[in-house]
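Peer 1: Here is how the chains run, residue by residue.
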Amino acid sequence: MRIAFALAAGALMLSLPLWANPGLVFIAGVTITGAVFALSWNLLFGFTGLASFGNAGFFTIGAYIAAVGLRADHGAWFLPLVGASALAGGAVAFIIGIVALRRSSGIHLAILTLALSEVLRVTVSHTAALGGNDGLPNIPRPRILGFDFGAGDRYYWLLCAACALLAAMLWWIVHSRFGRVLRSIRMDADRTRFIGVDVAAYRLGAFVVSGAVGSAVGALYAPWSQIVTPDLAHWIRSTQPILYALLGGASSFWGPVVGALAFSALDYATRTLVGLSEIVTGVVLLVVLMAAPDGLIGLWRRFAPKLSKSMTPAPRALSERGFAEKMS
Amino acid sequence: MTFARRTILKGAAAGLGALAAPSILRAAEGDTLRVALITSLSGPAQLYGNFIKIGTTIAADRINAKGGALGKKIELVIRDDKGSPDGAVAAFRELAGMGIKLVAQGPLTAPLLATLPLLDGAGASMVMVGPSSASLTHENFNPNAFRLGFSGPMAYSGFASVMARKYPDVTRWAVMATETDSLKDLARQFTLGLKREYPKLAGKEVEVLDPLFASFGAADYKNQISSLMDAKADGLFNVLQGADAISYYKQARTFGVENKYRIQADSGNELSIAKALGRNTPKEIWGWTGWYQEAVADNPVAQEIYKDYVGRTKDEYPNWFMAIAHDSILAIVNAAQVAGSTDRAGVLPAMAASAPLGATGKITFRKEDQTFVGNLVYIKFGADASDPKGWRVFESVVLPGAEFVEPATPGKKLA
Chain X
1 MRIAFALAAG ALMLSLPLWA NPGLVFIAGV TITGAVFALS WNLLFGFTGL ASFGNAGFFT
61 IGAYIAAVGL RADHGAWFLP LVGASALAGG AVAFIIGIVA LRRSSGIHLA ILTLALSEVL
121 RVTVSHTAAL GGNDGLPNIP RPRILGFDFG AGDRYYWLLC AACALLAAML WWIVHSRFGR
181 VLRSIRMDAD RTRFIGVDVA AYRLGAFVVS GAVGSAVGAL YAPWSQIVTP DLAHWIRSTQ
241 PILYALLGGA SSFWGPVVGA LAFSALDYAT RTLVGLSEIV TGVVLLVVLM AAPDGLIGLW
301 RRFAPKLSKS MTPAPRALSE RGFAEKMS
Chain U
1 MTFARRTILK GAAAGLGALA APSILRAAEG DTLRVALITS LSGPAQLYGN FIKIGTTIAA
61 DRINAKGGAL GKKIELVIRD DKGSPDGAVA AFRELAGMGI KLVAQGPLTA PLLATLPLLD
121 GAGASMVMVG PSSASLTHEN FNPNAFRLGF SGPMAYSGFA SVMARKYPDV TRWAVMATET
181 DSLKDLARQF TLGLKREYPK LAGKEVEVLD PLFASFGAAD YKNQISSLMD AKADGLFNVL
241 QGADAISYYK QARTFGVENK YRIQADSGNE LSIAKALGRN TPKEIWGWTG WYQEAVADNP
301 VAQEIYKDYV GRTKDEYPNW FMAIAHDSIL AIVNAAQVAG STDRAGVLPA MAASAPLGAT
361 GKITFRKEDQ TFVGNLVYIK FGADASDPKG WRVFESVVLP GAEFVEPATP GKKLA
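Protein chains in written order, with our numbering: chain X, 1 to 328; chain U, 1 to 415.
Bear in mind the hints are in silico, worked out from the structure with no lab data behind them. Don't take every hint at face value.
[Said to hold, decoys possible] Going by beta-carbon spacing under 7 Å, a handful of chain X positions derived as facing chain U:
no.	residue
1	ASN21
2	PRO22
3	ASN133
4	PRO137
5	ASN138
[Said to hold, decoys possible] FRET-style restraints, in silico, Cβ to Cβ:
no.	chain 1	residue 1	chain 2	residue 2	range
6	U	ALA355	X	HIS234	36 to 46 Å
7	X	GLY150	U	ARG279	57 to 67 Å
8	U	ASP181	X	PHE178	36 to 46 Å
9	X	ALA72	U	PRO349	31 to 41 Å
10	U	ALA65	X	ASN138	38 to 48 Å
The structure displayed is predicted, hence computed values, not measured ones. Using N, Cα and C, we set each Cβ at its ideal position, and we do this for glycine too.
Using the sequences provided together with the hints, build the complete structure.
Peer 2: Here it is as structure tokens:
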């Protein structure tokens, strides 16, 4: 059933340009990048136990690298630009992590990353070559091997493919030995250290991966939005992956994706409630978070057995699903 | 709680039904003439967005009361850009997908820079509601958009001219500013204006002291105010905006700044200072504003709009964005009416050639860069114990904007 649901959701997202309003397609593209960005943040929070409030900084680094490259007519080199953005994001994360993770964790790390992201925002807003406060508009979409992704909705599908690839990579990391060690650190860092694991190195590794993926997503986002501004590094942007993860369920790999989709759907549905949109969105989120502390995925897990019971009474299926849930 | 297969099927059908709603699917224009408004109804510019919304609503109602345009009633389709480029792009793409060709958007620059490149592909015409950034009509000029607003060089050159006319003996000026690029640029424009206008109008050279800066969002201005009290200057230009300005004026009052300086000029807070401070408003402040109802007492359209606004809101002092927003809708709908369709090929030349009478007077744009060259308005207001509000407007000055607008360099950065 989960596979069927995932396939249906994937088909729905891919077919969107064929039947939906272009505004909804644009929001879908922003949501997809936001979802993968949230996955990269949740690698730290949900799987390593590290809270970063400044991941928007990595996103901004990637977005500006892609923006500068594409505006300089290097659209043919877009995929290497995304790779370069990932390397730059990873390198910055390594430098920050090597200092910050050794000296701080918990709320101290959160505030430190928040401060560094704000420093980046202010620096970019004062850099004339990066457009200052107005940012860099008119970012062209790439043209790879003569194939123009600026035409029609082609870039949307490239965005879907690239984000799916990044999400798959993160899924593989989370389910690899590396990911299992990260979860062990999240559950009990002292005990993990006691059995011989270099906790600092693993935390640094997670921070670098998170920074690299966040930056790569930023690079993919720039030609979609076609404008980048210093506000990408604003602390409010850093709260988005947190919100998505908490709404969807931080303990599940796919929780941030579900949260991003739910939040965007709510935001879109209330867009015409001028003056009430934020209130309605806020109240709904509050109710969801209070009713489901484990997010929407937690809610699904609570009700899915009853649903499944009414549809497929075979006890063996229940047993298999329970095992799969534990592994997800 | 159990879920039956039938229940799930019903839910799926309902979901598909919702997705089939016209607002989500691509839609075409019906029997109304739809005009889009994209503005900030949440976020930091919400205050201005609300004035823009009511101004455009008044315009649509007035046009409809006269029979509409192109044989149809006007229907405003309003979207919130949330103060962000993403919000603006999502709104624009949705509205363009609905077949809307006439768009009003503002006042923030970044959301405008995000949507301007989309106009061409959507075949849409835009009027930019009130943005001040010079880049919109210079390096980021777009031939599909007209700016109905005042550029910084235009507004602050005019302001300096008013000071030179009214206070020819005030030749030493101090400047107090928030340390952000945009506000420092306003201070620079005013300074350049003083140095150009005083020799021309007062026959005197003017000295402008190095600006005193405060950080954005500062709560304590005592150090800067102490420096201002020691400064050898007679005129003071304040470039603090919003809540910063209110904190500053409250603290400056206790130091007696209003008694030291012969005149205080304020960059852009206009009557929001008096509304916030009431009886504690300084004795006299000159302020720039985009529109003031008593400054255009001879304009019947302005007076009708003002009465309409007061009737709807019971607020007697609208922000100038209300009037500019009204004129934005009037200008673009009038252009469609003149052109006989909403096609861009007809609307854009009609916008350039027409000059309908709006709240700001004849709505005219400079041909080269499609920037508004209407009137500039400056007001003097201050404390008045005899007024129940504790303050009143003493005087207003109207200057022709065309005389102060910067040179046209569409496609190139202003030198």
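Peer 1: It remains to establish, for every hint, whether it holds in the given structure.
Peer 2: For each hint, the structure was consulted:
no.: 1; hint: ASN21; in the structure: holds, 4 Å
no.: 2; hint: PRO22; in the structure: holds, 4 Å
no.: 3; hint: ASN133; in the structure: holds, 6 Å
no.: 4; hint: PRO137; in the structure: holds, 4 Å
no.: 5; hint: ASN138; in the structure: holds, 5 Å
no.: 6; hint: ALA355(U) to HIS234(X): 36 to 46 Å; in the structure: holds, 41 Å
no.: 7; hint: GLY150(X) to ARG279(U): 57 to 67 Å; in the structure: holds, 59 Å
no.: 8; hint: ASP181(U) to PHE178(X): 36 to 46 Å; in the structure: holds, 44 Å
no.: 9; hint: ALA72(X) to PRO349(U): 31 to 41 Å; in the structure: holds, 35 Å
no.: 10; hint: ALA65(U) to ASN138(X): 38 to 48 Å; in the structure: holds, 40 Å
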